[in-house]
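*Asks:* Residue strings, one per chain:
There are 2 protein chains.
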Amino acid sequence: MSDKIVVGVDIGGTTIKVGLCSAEGELLRTYEGPTEVDKGSVQVCQNIADYARLIVEESDFEWEQVEGVGVGIAGFLDIPNGIVKFSPNLHFKDVHLKDFLEEKLQKKVLVNNDANVAALGEAWAGAGRGVMHCVCYTLGTGVGGGIIIGGKIVEGYAGMAGELGHMSVVPDLEAIQCGCGKMGCLESVSSATGIIRMAKDAVERGDRTSLSFVEQIMAKDVFDAAKAGDEVAARIVTRAAFYLGKSMATVAVVLNPQRFIIGGGVSRAGEFLFEQIREVFHKFTPENTQEGVEIVPAILGNNAGVVGAAGLIIRA
Amino acid sequence: MSDKIVVGVDIGGTTIKVGLCSAEGELLRTYEGPTEVDKGSVQVCQNIADYARLIVEESDFEWEQVEGVGVGIAGFLDIPNGIVKFSPNLHFKDVHLKDFLEEKLQKKVLVNNDANVAALGEAWAGAGRGVMHCVCYTLGTGVGGGIIIGGKIVEGYAGMAGELGHMSVVPDLEAIQCGCGKMGCLESVSSATGIIRMAKDAVERGDRTSLSFVEQIMAKDVFDAAKAGDEVAARIVTRAAFYLGKSMATVAVVLNPQRFIIGGGVSRAGEFLFEQIREVFHKFTPENTQEGVEIVPAILGNNAGVVGAAGLIIRA
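Sequences listed follow chains U and B, in order.
Under my numbering, the very last position in the first sequence is 305; numbers go up by exactly one each time.
Under my numbering, the very last position in the second sequence is 305; numbers go up by exactly one each time.
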């Protein structure tokens, strides 16, 4: 085969996932190997290089067809230089990842943070395919995000763009302090953690809810209870959806994206959640800014990371 | 002289202002002529072409040195095609401005909306010179804005990006309806109109304030009274500053710009206003997102329009 291909790498604390993509964003195959954090940063970097070579060797493609290697990683980065300044879960400190990999692989290497990379994956080859302006939310333990304008990641001045979970949306009187130190962050109400906290508060307060009988409340329990007609659970979901929709109304007037893409564990609640988010979005967004704008679920799941990392090369 | 130059055009309802800029953003000369809206759209377009030729003729440059002509205009635009779909104050409807001017002038012509263009002017050659990521607020009758990422205007999917005045920031209990139809918009509290409204409300309510003795309250009166120690006026200024600072905290986590630039009549209140905005911004923005971020006044004043229009060509 003579087509160009790209390799995407998603570095997790225990597993390094590698994906092979066509230049059009089709995920052709994946490979996973151990990260081996305990063996130190050089070994981790060497593993990345080895797995990247391996996935191409095992395919029908030749190494010469590889256009470049993109890497997504959690931590504080110097993006232009591909330096991992600090990554707690990998025990990386000032690791020159781009230089290391470019020397080992003799290919163009681009490094970016995992949230941006996952957003690019969805925007390029997932729920945002063909759409140039996308804003992606990831609703998990926290609320992450990524902004894609003109098909490219918006990194911001210090690489801190897309921190959607820290939009201050909850009014002072109802606000609690977020892990970031500030009050009223979206993450405090619309993450799994936030939803679970509100549920526990309700149970402790003595609210009449079926959640009282759940031993270890998970976000899914709250959604299931709400869908089954539990009013207390429904109120919690409505609150999480309200601030998500309101934050999107704000992003809409600032950036006027065409599509909002929502992924992460919490998004699995499905249309039950999405309908409420859309309703709030429509309520708070001026008519001409919401025209043609869609709020849709992510579709790549756990592959968004490797696909987006590969996309770094194509959308550079 | 052999340097390249660019022409910027700022079309107002009564006057068309034209500016000649160096490729580095230095404003070399300006010219103003009547818009002549009453003579119809063809005459207005012809005037633009004439004034653009004239300003170059009157300079030491030759027409051959002109790199292109940028145009800023208020209204609903098809930006890529340079079509003015609707401009109420010019009585334009589906005017192919870019095509018309490119034929008459035989130069590359780019058209964009006036708020975006003014923002680009400040970002390129004003208070944002040398800074690639800027967010500009214009505090006048309304609150306008423009977003510059990587040195370029963010237009959004339907050209509606940068509508900062319609960020929904005021909590429901205190919110009033905005001209856009939505509740709680920044414009309702932080524009001159919003400040005047709050002052009139205070006077009508019987609050003890020196503003009771002002016949026709202007935003400047409110600032002057606040500076002189009037507590009611001070409270109004604090409220306007609070929501500005809070909206900037939100924009900061979404886009992580390096600099916020504030222009327009209300910004003339100076450090008295800016200090309060910065305080709120610091309160609501996570540490790592506010590091190195500045909030500064615009410096180009009424020239931002022509400079930014010229900048369209350079930053295309």
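Simulated from the structure, these hints should not be mistaken for laboratory data.
Worth double-checking, as some hints may not be accurate.
Remember, identical chains collapse to one label, so a pair may be satisfied in a single copy or spanning two.
Here are the simulated DSSO-like pairs of lysine-lysine, each with C-alpha atoms no more than 30 angstroms apart in a straight line [stated by the list, open to error]:
| # | residue 1 | residue 2 |
| --- | --- | --- |
| 1 | K209 | K97 |
| 2 | K272 | K(-7) |
| 3 | K209 | K28 |
| 4 | K28 | K141 |
| 5 | K74 | K272 |
| 6 | K93 | K209 |
| 7 | K141 | K189 |
| 8 | K(-7) | K209 |
| 9 | K82 | K(-7) |
| 10 | K171 | K272 |
| 11 | K209 | K82 |
*Asks:* Take the hints in turn and mark each one as holding or not.
*Replies:* Quick rundown of the hints versus the structure:
no.	hint	verdict
1	K209 - K97	neither (42 angstroms within a copy, 56 angstroms between copies)
2	K272 - K(-7)	neither (46 angstroms within a copy, 49 angstroms between copies)
3	K209 - K28	neither (37 angstroms within a copy, 65 angstroms between copies)
4	K28 - K141	neither (35 angstroms within a copy, 44 angstroms between copies)
5	K74 - K272	between (42 angstroms within a copy, 26 angstroms between copies)
6	K93 - K209	neither (44 angstroms within a copy, 64 angstroms between copies)
7	K141 - K189	neither (40 angstroms within a copy, 47 angstroms between copies)
8	K(-7) - K209	neither (42 angstroms within a copy, 62 angstroms between copies)
9	K82 - K(-7)	neither (34 angstroms within a copy, 47 angstroms between copies)
10	K171 - K272	both (27 angstroms within a copy, 7 angstroms between copies)
11	K209 - K82	neither (36 angstroms within a copy, 52 angstroms between copies)
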